[in-house]
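> When you get a sec, could you build the whole thing from the sequences and use the hints?
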Amino acid sequence: MPKVSEQYKEEKKNLILQGALRCFGEKGYEATTIDDIVRVSNLSKGAIYNYFTSKEEIYLQLLQGETKDFFLEVQSEYHTLKTATEKLRFLFQRFQKQLLTDERRKSFRLYTEFWLYSARQEDLMKLMEERYREFTGFIQEIIEEGQESGEFKPMDAEFIAQIFWAIRDGNALHSSLLGEEKKYKKTWEMIEEFFISGISSSTSRE
Numbered sequence: 128m129p130k131v132s133e134q135y136k137e138e139k140k141n142l143i144l145q146g147a148l149r150c151f152g153e154k155g156y157e158a159t160t161i162d163d164i165v166r167v168s169n170l171s172k173g174a175i176y177n178y179f180t181s182k183e184e185i186y187l188q189l190l191q192g193e194t195k196d197f198f199l200e201v202q203s204e205y206h207t208l209k210t211a212t213e214k215l216r217f218l219f220q221r222f223q224k225q226l227l228t229d230e231r232r233k234s235f236r237l238y239t240e241f242w243l244y245s246a247r248q249e250d251l252m253k254l255m256e257e258r259y260r261e262f263t264g265f266i267q268e269i270i271e272e273g274q275e276s277g278e279f280k281p282m283d284a285e286f287i288a289q290i291f292w293a294i295r296d297g298n299a300l301h302s303s304l305l306g307e308e309k310k311y312k313k314t315w316e317m318i319e320e321f322f323i324s325g326i327s328s329s330t331s332r333e
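Every position in the sequence shown, counted from 1, becomes a number in my numbering once 127 is added.
It is possible that some hints are incorrect.
Result set (DSS-like, lysine-lysine): computed pairs, CA atoms no more than 27 Å apart in a straight line [claimed, not checked]: (1) Lys233 x Lys309; (2) Lys214 x Lys195; (3) Lys154 x Lys182; (4) Lys154 x Lys253; (5) Lys172 x Lys182.
No wet-lab data here; the hints were simulated from the structure.
What follows is the structure, given as structure tokens:
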């Protein structure tokens, strides 16, 4: 049997992941089956199980890819930003610039569905909590940087970071169900100003 190259393996994995993402978007996470992914990816069930042990592993791989892309994008920009305030504004403006496409709406709903599903699966919930801590820790570091520089009030940085993502996830879910593009962008503009104003020290307010 000829040796399979790493490039070939990656191409097959990506084919499976993209097929799964399409199925999850169309049917939701729980309603999607491995057979659905087989149909969309045009691969055999055996081929899929060569790369992934379960539907859960497939979705977690998709999440890991999104996480990696997010941090790569942010870190590539952060070296040009001098203050903690600029870093937070960059994130809010990044959210604002995201187009509220049908695919993005599906992605928001899918992520929420998987969170709820994970709450009933102890092992999955631990993985989701680890991901959550990675994101909140990232924001917490920015808040602490701003507190050290005198930009932000001496508040609980961890709690502020949790509020940041609660707002982001809440607005994302609300917009995925009811939002309009124009209102989505306007909401992010207002959230940015409320949030920055709320944590800024009196000497650093613009």
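> Regarding the pair Lys154 and Lys182, is the alpha-carbon distance no greater than 27 Å?
holds (13 Å)
> Between Lys154 and Lys253, does the CA-CA distance stay at or below 27 Å?
holds (25 Å)
> Lys233 and Lys309 were given as a pair; does the straight-line alpha-carbon distance stay at or below 27 Å?
holds (18 Å)
> So if I understand the rule, the pair passes when the alpha-carbon distance is 27 Å or less; does Lys214 with Lys195 pass?
holds (18 Å)
> Is the Cα-Cα distance between Lys172 and Lys182 27 Å or less?
Roughly 12 Å between the alpha carbons, so the hint for Lys172 and Lys182 holds.
Checked against the numbered hints given earlier, this structure breaks none of them.
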